[in-house]
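K.L.:
From first to last, the protein sequence lines are chains A, B, C and D. Counting in numbering that gives the first Met the number 0, the first sequence runs from 0 upward without gaps. Counting in numbering that gives the first Met the number 0, the second sequence runs from 0 upward without gaps. Counting in numbering that gives the first Met the number 0, the third sequence runs from 0 upward without gaps. Counting in numbering that gives the first Met the number 0, the fourth sequence runs from 0 upward without gaps.
To be clear, the hints were calculated from the coordinates, so they are not data collected in a lab. Hints are not guaranteed to be accurate.
As the list claims (entries may be wrong) - One-sided and incomplete, this derived list gives chain B residues near chain A with beta-carbon spacing under 10 Å:
1) F182
2) Y235
3) I279
To be verified - What follows is a list of derived Cβ distance ranges for each label pair:
4) C:S51 x D:D386: 35 to 45 Å
5) C:D196 x D:G53: 21 to 31 Å
6) B:S51 x C:N38: 10 to 20 Å
7) B:E199 x A:G334: 18 to 28 Å
8) B:R388 x A:G334: 53 to 63 Å
9) B:Q130 x A:G53: 37 to 47 Å
10) B:G334 x A:C106: 50 to 60 Å
11) A:G53 x B:G287: 20 to 30 Å
12) D:E28 x B:S51: 32 to 42 Å
13) B:E199 x C:E219: 50 to 60 Å
Claimed, not checked - Derived, one-sided and incomplete: chain C residues facing chain A with beta-carbon distance under 7 Å:
14) V1
15) M5
16) P39
17) A40
18) L63
19) S65
20) V69
21) Y73
22) L129
23) Q130
24) R134
25) H236
Here the structure is a predicted model, which is why all the values come from computation and not from measurement. In this text, a Cβ means the ideal position worked out from N, Cα and C, and glycines have one as well.
4 protein chains.
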Amino acid sequence: MVVQSMDDVSPSKWHLAHTTWFFETFVLEPFYPGYRCFNPAYAVLFNSYYNSVGDIYPRPDRGLLSRPTVAEVYDYREHVDAAVTVLMSRADQRTCGAIADVMTLGCHHEQQHQELILTDIKHVLSCNPLQPAYRANSEQVADVTASMGWARYEAGLVRIGAGAEGFAFDNERPRHRTYVAPFELAGRPVTNGEYIDFMEDGGYRQPGLWLSDGWNMIHERRCTMPLYWQLRDGVYHAHTLSGTRPVVRAEPVCHVSYYEADAFARWAEARLPTEAEWEIASEGATIGADLLETGALHPRPTRGGDTEPVAMLGNVWEWTSSPYTAYPGYKTAAGALGEYNGKFMSGQMVLRGGSCLTAATHIRSTYRNFFPPDARWQMTGLRLARDAR
Amino acid sequence: MVVQSMDDVSPSKWHLAHTTWFFETFVLEPFYPGYRCFNPAYAVLFNSYYNSVGDIYPRPDRGLLSRPTVAEVYDYREHVDAAVTVLMSRADQRTCGAIADVMTLGCHHEQQHQELILTDIKHVLSCNPLQPAYRANSEQVADVTASMGWARYEAGLVRIGAGAEGFAFDNERPRHRTYVAPFELAGRPVTNGEYIDFMEDGGYRQPGLWLSDGWNMIHERRCTMPLYWQLRDGVYHAHTLSGTRPVVRAEPVCHVSYYEADAFARWAEARLPTEAEWEIASEGATIGADLLETGALHPRPTRGGDTEPVAMLGNVWEWTSSPYTAYPGYKTAAGALGEYNGKFMSGQMVLRGGSCLTAATHIRSTYRNFFPPDARWQMTGLRLARDAR
Amino acid sequence: MVVQSMDDVSPSKWHLAHTTWFFETFVLEPFYPGYRCFNPAYAVLFNSYYNSVGDIYPRPDRGLLSRPTVAEVYDYREHVDAAVTVLMSRADQRTCGAIADVMTLGCHHEQQHQELILTDIKHVLSCNPLQPAYRANSEQVADVTASMGWARYEAGLVRIGAGAEGFAFDNERPRHRTYVAPFELAGRPVTNGEYIDFMEDGGYRQPGLWLSDGWNMIHERRCTMPLYWQLRDGVYHAHTLSGTRPVVRAEPVCHVSYYEADAFARWAEARLPTEAEWEIASEGATIGADLLETGALHPRPTRGGDTEPVAMLGNVWEWTSSPYTAYPGYKTAAGALGEYNGKFMSGQMVLRGGSCLTAATHIRSTYRNFFPPDARWQMTGLRLARDAR
Amino acid sequence: MVVQSMDDVSPSKWHLAHTTWFFETFVLEPFYPGYRCFNPAYAVLFNSYYNSVGDIYPRPDRGLLSRPTVAEVYDYREHVDAAVTVLMSRADQRTCGAIADVMTLGCHHEQQHQELILTDIKHVLSCNPLQPAYRANSEQVADVTASMGWARYEAGLVRIGAGAEGFAFDNERPRHRTYVAPFELAGRPVTNGEYIDFMEDGGYRQPGLWLSDGWNMIHERRCTMPLYWQLRDGVYHAHTLSGTRPVVRAEPVCHVSYYEADAFARWAEARLPTEAEWEIASEGATIGADLLETGALHPRPTRGGDTEPVAMLGNVWEWTSSPYTAYPGYKTAAGALGEYNGKFMSGQMVLRGGSCLTAATHIRSTYRNFFPPDARWQMTGLRLARDAR
């Protein structure tokens, strides 16, 4: 719970303390009169990126913290949980209303970190030559690849984004008009087998398939397959949260960067969908794929999507071709919480749909996740789209 | 003509040889039967980024080339110019047609490098403690700031992009529909004086104004003012192609990164325009501002734009809020020339309008320039936009 | 026990496993027929630098090992301890003789790592903004600086190095002749108070006092005082294994690099001793200063050395002016243990005398410690010397 | 004359200006009343490393100086030469005496830079894929390797270093006593053929032959042969100042680092000589090998040294096993010229004997050259030594 294997990864201990700090900082401090801070130094140590709140301990150094110990972090959590419980039980209706929004945000924030804890543990364990498993899994997956059809959508001036009701992050709002040309969307995500075909057709060696930044990345980091894959005696294996095992062709490919997703799509004579296309197609999607609650911890083969797209929610995050920018009319929240999403609107790409590590109550059709185009340690895959005539 | 002051900069000698190589590679080799290559090694040395054509000499090492000498590069140019002339005079009509497109592209390519030669020389000279001038200029500019109004545009489903006729780069096509909400656009670019107000109001010290990547950039590089500026005895000075001189408040600000432009706009309670907004507003714009032909080599104060935007073309490149991506339906050209624009469609922002270093025959309303958001050595400024009700 | 705060530092867990591995590799595997390796993967994970033995897990990545856990490492240790005990109890006299040398080396090796565990823990804790203590210490040290005399030594052809009898590392041998010009050696190490005088006289700002590499180092790393020092409200404080507390002027200065020791000596119009000078002067030295057994964990003020040098053994390691090279006639041991010392004979400086973290049975007059001239995290101080007429 | 191919290399233009600056700074400014500085900015631009004299332009940026031009540097030189001539012709006897030492030093300084200009040009041209020659040379060298004997030297208390008379650098003084054990020295330097034997015997793949820093260096930089060597169709070729040509086995090996020289010696069951051993053996050496005046610009095969060492002066610089440190009793000069040698006395190794690029009037038996152990772009080779019984 202490190790940080790269700058993007945080120790589990840090995630625990940070989500606790979030409630202490945004719920207890403003709303609990006389609240006594557990340890003032934590305000710096466990602030992730909120410049408005004060100093920030450097992210790449999170793995240097031998103190507080794991036990101390659990004490911290208990302290804050107890105080929040007291606050909630005592608060009058007016205060409750004011607190509710931040409490809700804090819970969604915690769900995000629950997913990150798993992706980060996966990365930490992958760096260990002993290749330990997080949790054993003896389930046998049937390696049967479902057929893939295309669903067609007509051109039109549509609305996307979250409406005013219910919880949504600020970056999903406002709901607004956008124009979409006719397109088709693949019925299911791309599989490992299809990705191996791309690899074996020389996909990583044809510059014409790649964005320039992607071509540079795969050469600098010597990428020739998805993250966590390796060849053992001619057989592709993948490091998973259940240990290292042969790659199952029928499973959705995951741990590919945007650059790899984009190159694959070009090789397949298709393209990635825009986030507007994805959102229109996903409206009313039922959750039929692996989410955190199934306990699979790895995406399993989906059924076929011949007439309509399946597995839009869950399974793997799907890269879109849309850079992460503000929706027209977007406003950040006032104060430090305004830093939650808005300031990251450059240099990242939108991902949609959640993964097998995402909680079911966390994901929705309008949800906009975002990561830099070279990120691979998240549960990231892709679904194809193409222009329609 | 030999020095390379940073990876982005190329020696003048290299620009000369590269634009020559472009004609040799894309015009002479395919179309001139029996053409004899001037020096086969140049195919590698002066290939900028066309992976399909062959090996590429590393960009950061262009400043290591003491050979070929400047004289040899001029010989190369003369050799290729002569061969092109012969080819053109001898070609039958059918060949002429085939050559015409590449010849036209070669000329526009050369115009791009003419601008780069100037921005690169400016950077090279700026690294020299002797601060030499490229060309002296004794003109006195009247430091009178014109008033700035706002032009209003209604919502609508509009068309942007270049039509099928005439020359345009592939990234300007196809002309397509997009929806634009009502907005207002500033009549003229932001001035140095306005930018100094931002600086003196603590603009570089307020994290709430900045994108996260921008905040990191200004701290890592210790930016507190535009590139090429310095404080001498309390007076802002700027290094220009005519030497170092006091900053003129009425001039458009230039040499700011996208991050700085974005932060300024937020400080000014406005935003940057999208490229669609910019293009709509610029349609039919007359060129009234400094372009290369005026010889100013530095943007001069513009007249006021009270009822309609002025200086849309020329003066300074204007950062838009649009990431550089493919237009719906975009297709790259076949072969190596397909690498010209398409593979750079990630991680960059669109700039519009040309600058005082751009040739008048090169710029147009649909022209999409693009640079990474941290680039500052180009002639980059900004114009404000805001939502309209 | 898991954190690695810089490349030079190893996690405590790693030190424990590595010293265990040493006995497994050099005692059990060659001498215990049928010995069953605890875990073959450990052969790579816990090999520090013995290329002849096989692959080596990268040193900078030791902090990435969340597995084996601390409990597993203790199991490993128990397993190896038990096997060694069995081996020793069963071995016949001839085998015992063969094993004895390696067992002795293994114990001295372990003593070295016991010191490193403490210096490494000190560094790890120093990186933590909470500045935790390793072990509290409420002892009050009397801040009384003893007077410092000089002892004189005549010129002569002398012998230094360890004789053939008794344990010594290979780098202390052979005992050999060397010529020493007349010199004087300071009676005691340099104190914090004297070092503060140097600092306050602008010692870190006068280039004439510094070796060129040292001048570069203090600028690159912004050194203005010893490692672990900081100014709080105008008072120098030092991070120690017992927490952060005000600097005691009478204590020997420690955590200075060779470059700082050398610059101080030049400022004091003296120089550092050569290792030959130091060794001659230390012959017959009685141990009167803090070694590991006193439990001080920090060097305490020494008594005065007016007529002969005191505190030659213990207290602080003393930088000499001698680069670490082979003695004339030096031979490395055969096999992997030949890598123990010999291959490090470049780019390092000799330190003599042990420190308050060194075991009493580990140190002796001929002992040659060595570290790069920029190393500061060891318990390194200095004693002055000067030419005599 | 403008390109800088790595931090250690300076443009020829810079060498010219720097040696000129040396006379301006150390001769004209102190001794020529009313001397008018050619350009005050040059004091910073062309100061190599004299902190006492003022600010220093960063060494790695010397290749960024497009100004002053080569023509301006020649003007500078002419200006300073003329002023020195006037000063010398007018100075009275007392001033002449005072100036003489600095003038002599300035000339020896210039000879050092003449050698560096050649090694630096060689490096610059080697980075160019066109592999241009500095000066063509059609001479055919007979590839006949002379036999190599060993000369024996008895143990004794000897004196080395320069005496008080005549010019010598401060680091060669004072002449002092040192004890030398009996040894043997090879009659001639190691040849390319012998070095190829080492390579083909797996010398670069046996860790037991290498110092730890050396093993790291050859892996980080992927060294498998001397600098400037390459394999073409199975034949070793070397880039020389006369272009690239097959390696001649009988020639002394050059462009090896100290680490490679040390590893070769260990492979050959010998060692490198100490500088004291080398100096004793070289006393009275006659210059029979290539120095700058022969114009060879590359070391040619030497005759055999069966009974006494040949080619001690000239041919290749010979690495010794001695770290570069101060002689006992060494004093730096007062003022800025005290920085000439003394501050570099850490982290470097002594080389002896000059090379084919060294002027004959510059080299002598006591001369101590020094470079870091990983330096390869100087004309550096080796001669073996071994202990005698």
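K.L.:
Confirm or reject each hint.
P.N.:
Hint by hint, here is what the structure shows:
no.	hint	verdict
1	F182	holds, 9 Å
2	Y235	violated, 27 Å
3	I279	violated, 14 Å
4	C:S51 x D:D386: 35 to 45 Å	violated, 24 Å
5	C:D196 x D:G53: 21 to 31 Å	holds, 28 Å
6	B:S51 x C:N38: 10 to 20 Å	violated, 50 Å
7	B:E199 x A:G334: 18 to 28 Å	holds, 25 Å
8	B:R388 x A:G334: 53 to 63 Å	violated, 25 Å
9	B:Q130 x A:G53: 37 to 47 Å	holds, 41 Å
10	B:G334 x A:C106: 50 to 60 Å	holds, 54 Å
11	A:G53 x B:G287: 20 to 30 Å	violated, 49 Å
12	D:E28 x B:S51: 32 to 42 Å	violated, 59 Å
13	B:E199 x C:E219: 50 to 60 Å	violated, 33 Å
14	V1	holds, 5 Å
15	M5	violated, 9 Å
16	P39	violated, 11 Å
17	A40	holds, 6 Å
18	L63	holds, 5 Å
19	S65	holds, 5 Å
20	V69	violated, 11 Å
21	Y73	violated, 17 Å
22	L129	holds, 5 Å
23	Q130	violated, 9 Å
24	R134	violated, 14 Å
25	H236	violated, 17 Å
Hints 2, 3, 4, 6, 8, 11, 12, 13, 15, 16, 20, 21, 23, 24, 25 from the list above are not met by this structure, while the remaining hints are.
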